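Peer 1: Residue-level listing of the chains:
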Amino acid sequence: MQKFLLTVDKISTFVGQVFSWLIVSLTFLITYEIFSRYALDNPHPWAFDAMLMMYGTLFMMSGAYTLSKNGHVRGDVLYGFFPPRLQAGLDLTLYIVFFLPGVCALCWAGYTYAAESWAIREYSSITSEGPPIYPFKTVIPVAGAFILMQGIVEMIRCGICLKQGYWPSRQEDVEEVDVDKLKEMVKVKDEDIAKLDQYATAKKGSDA
Amino acid sequence: MRKEVWFGLSIMAIVVGIVFWMMPPPSQMTNGHLGLLMLAMIVIAIMLGFPTAFTLMGMGTMFTFFFYRSVDPSTAVVRTLDLMVQRAYGVMNNDVLVSVPLFVFMGYLVERANLIERLFKSLHLATSAIPGSLAVATVVTCAVFATASGIIGAVVTLMGLLAFPAMLKAGYSIRISAGAVTAGGTLGILIPPSVLLILYGATAGVSVVQLYAGAFFPGILLATLYVGYNIAYAKLVPSAAPPLPEEDKRVKLPKFAEVLSRTHRNVMAGLVGALKGKRNADVPLRTVVNHLIIALLPVAASGLLLGSIYLSITAPEYVVPSELQEMGLAVMSEEQIEGLMEPEDAEKTEAKEPSAYSRPEETAEVKPVDEQKEEVAPGERKPAPTGFWITVGIFAAGLAVFYAIFTFARLEIFKMLLGSFFPLALLILGVLGTIVVGLATPTEAAAMGSFGGFVLAAAYRQLNFSRVKESVFLCAKTSAMVCWLFIGSAIFAAAFALLGGQEIVNNWVKSLDMSPIQFMLLAQVIIFLLGWPLEWTEIIVIFMPIFIPLLSYFNIDPLFFGLLVALNLQTAFLSPPVAMAAFYLKGVAPPHVSLNQIFIGMMPYMVIQVIALVILYLFPAIGLWLPSLVYQG
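Sequence order for the protein chains is A and B. Here my numbering is used: the first residue of the first sequence is 1, the next is one more, and so on. Here my numbering is used: the first residue of the second sequence is 1, the next is one more, and so on.
There's no promise every hint is true.
[As the list claims (entries may be wrong)] Computed list of lysine to aspartate or glutamate pairs in DMTMM-like fashion (alpha-carbon distance at most 20 Å, straight line):
1) Lys586(B) - Glu122(A)
2) Lys469(B) - Asp190(A)
3) Lys469(B) - Asp178(A)
[To be verified] Chain A stretches covered by chain B per the calculated footprint, using a threshold of three residues with CB under 8 Å from any CB of chain B:
4) 83-97
5) 115-123
6) 158-168
[Stated by the list, open to error] From the derived model, a few chain B residues whose C-beta atoms are all more than 12 Å from chain A:
7) Ile44
8) Leu429
9) Met448
Treat the hints as calculated values from the structure; they're not laboratory data. Just so you know, these numbers come straight off a predicted model, no measurement behind them. For glycine and all other residues, C-beta sits at the position ideal for the given N, C-alpha and C.
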């Protein structure tokens, strides 16, 4: 079972990471466009559409990746203090109550929306002679499907946690605040921090 | 159970209580009441800890369906789906939110350029003469670094590793050290370019350009208040922030500087003396010339600045509308004030003219006048206003003082600042400047900023594939988090509006018969209280749409309201129990520093934030002056 969960994690991560490189192309596209507009006096009307498409695809396709790394923002007032079983029970309930209807609806709605766009071969109307827009609209159901798949995996995780009393492990990934890496970056070791304790304890008498 | 759990549960109980108090009996329930019920449910659901984006999405979908079913059961499903996908597609096509991933990406790149250590060291040496210098340097480092990177967690952690030990070792109390690190780190929320302001702009339909222009001075004000507090505290309670010992203040001089400083204390005298070839036996000429160039940079920079200002304000009349934006701000204000005070002075009225005509819609009218003038004196430069020469005088005096006290030790500090502080400041001001002046849209400026992040990382030899890869992946996760939250809230807001919950809130608020000031205070208090259990992203995307429609009723500028909200939400980072800054610091602090000590350290800063809020409220010009200037020009 664990193997299946990790495989789905890997798929979501792979897809998300592939699409996350769009940020680099987005950066360079816009930078080049500015250069082209001001220095070469040659603006491209499609640049605006391209920019929106890159951004939209980037964040939609990273949704499942973020979910697989537990990266969607949670209200953390109570959750962190709950025991794992309660966390899993609440999560499972709310996945069924909120996640499934919402994301299923998004998938289905996205599918018909994209299908209509494909049927008429829709082109962007932001600028005249805009680029085709139907591939971009297709992103909605595809991203929805990935996030639904990842959500089902998360629900299974909740079930496992309910049974065994602790959360099953996840794949490691780059963290926003990776304390060990930051320590290495500024060359601070754990001993140094431990040594500092003398200042903290010495102060306590007068300070607290 | 832990007291935090009780805190959370009691908030839930309060929400439930309010709902029961406000709800009419079930027989009189309308759709609008259903909307209010939905709002209460969302608060509870968020507090249960389920990912907010999906909570919003699911609840929005359900309630939209309820509404459409009550209208017409046969088409309910189709209409719900249509609404959902259109809202989602709207977020994907939102040209304001495009800048979110770009600014986030810039932040990760800058963070990984590993500038913070140098920045802190150089600022620490530069401020060593001030009381509480380490705390001051911490706040300034945080302000600059948090502004450029915008990643609160990383900034607080890094400063907790660098500045916190340094302060403890220097004998600072835990309170003041912890307060400086946590409060300083959260400044990045307010000072633009910040993601919070983009989100507010996207929610409230306020231009991000105006928000950025408006938040700049309040941000500076807050940072200044922090610095002032630290200095005052160190002066009043020297035992909590003792001055540094002499050997820590001393800068190690390179060899050539040691040789030269034996004969001359002042850099200019020393370098020029060495150039003449008198005492340069063991000092290579190259070093001397290089350092002379570095030492002359301030003159060159101010010359360049004043020169360009001179060129733009004395430029022949016909180019005025476009050139006006490039004027130095300080000069502009002086010029305006003087022009208004002494209207009889012919020279000054002429100088005032461009600012009076600077509204875009009037330029068409003005043109013929300009052309006439051009005929009279084609291409001739106007005399510069007195205000400009006063500024030149101030600059000259400043430079003279600077060079008079410019010792070799200070030259070293200056070199360090040049390598750490100025590139970051330049990046921030470059990004902001192009937005505010109107050369680039926020999105374009964000992309340029990301590009600048690349350049910065490359310049510090920190650019390698694994770092870029990390930044890319982190950026994708953060953007997905923010933008999916936005999709959720867009669907939720649609449902809330459909059900007419907004109507009820509006009517209720209007029936209270409040004055605008009372409403403003109430809104700020509510946001402040919401900041305790919730995070700022949730407050912006869920609760702002409820407040915004009421602003026009009370005649409140949404821009000004946004600035107050941004300032207010800073406290959300410092208010327990969800004070993230405190937890990040605790993660790297020595084990005997307790969370409570950190919380106590943060308290004065929360008070300062409230004071800043009051100051901004009393003097709205702090926030609104720059945007109005931009929009005139």
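Peer 1: All hints are to be evaluated individually against the structure, with a verdict given for each.
Peer 2: Each hint tested on the structure:
1. The straight-line distance between the Cα atoms of Lys586(B) and Glu122(A) is roughly 54 Å, outside the 20 Å bound, and the hint therefore fails.
2. With a C-alpha separation of about 27 Å, the suggested pair Lys469(B) and Asp190(A) falls outside the 20 Å cut-off, and the hint is violated.
3. With a CA separation close to 15 Å, the supplied pair Lys469(B) and Asp178(A) stays within the 20 Å bound.
4. Here the segment 83-97 of chain A counts 6 residues with a CB under 8 Å from a CB of chain B, which clears the bar of 3, and the coverage holds.
5. Counting residues of the segment 115-123 of chain A whose C-beta sits closer than 8 Å to any C-beta of chain B gives 0, which falls short of three, so the coverage hint is violated.
6. Given a C-beta distance limit of less than 8 Å, the hint that chain B covers the segment 158-168 of chain A is violated, as 0 residues qualify and 3 are needed.
7. Here Ile44(B) does not stay apart from chain A, with its beta-carbon only about 10 Å from theirs, under the 12 Å limit.
8. The beta carbon of Leu429(B) sits about 17 Å from the closest Cβ of chain A, which is more than 12 Å, so the claim that it is off the interface holds.
9. For Met448(B), the requirement that its beta carbon stay farther than 12 Å from each beta carbon of chain A is not met, with the minimum near 6 Å.
Hint check: violations occur at hints 1, 2, 5, 6, 7 and 9; the rest are consistent with the structure.
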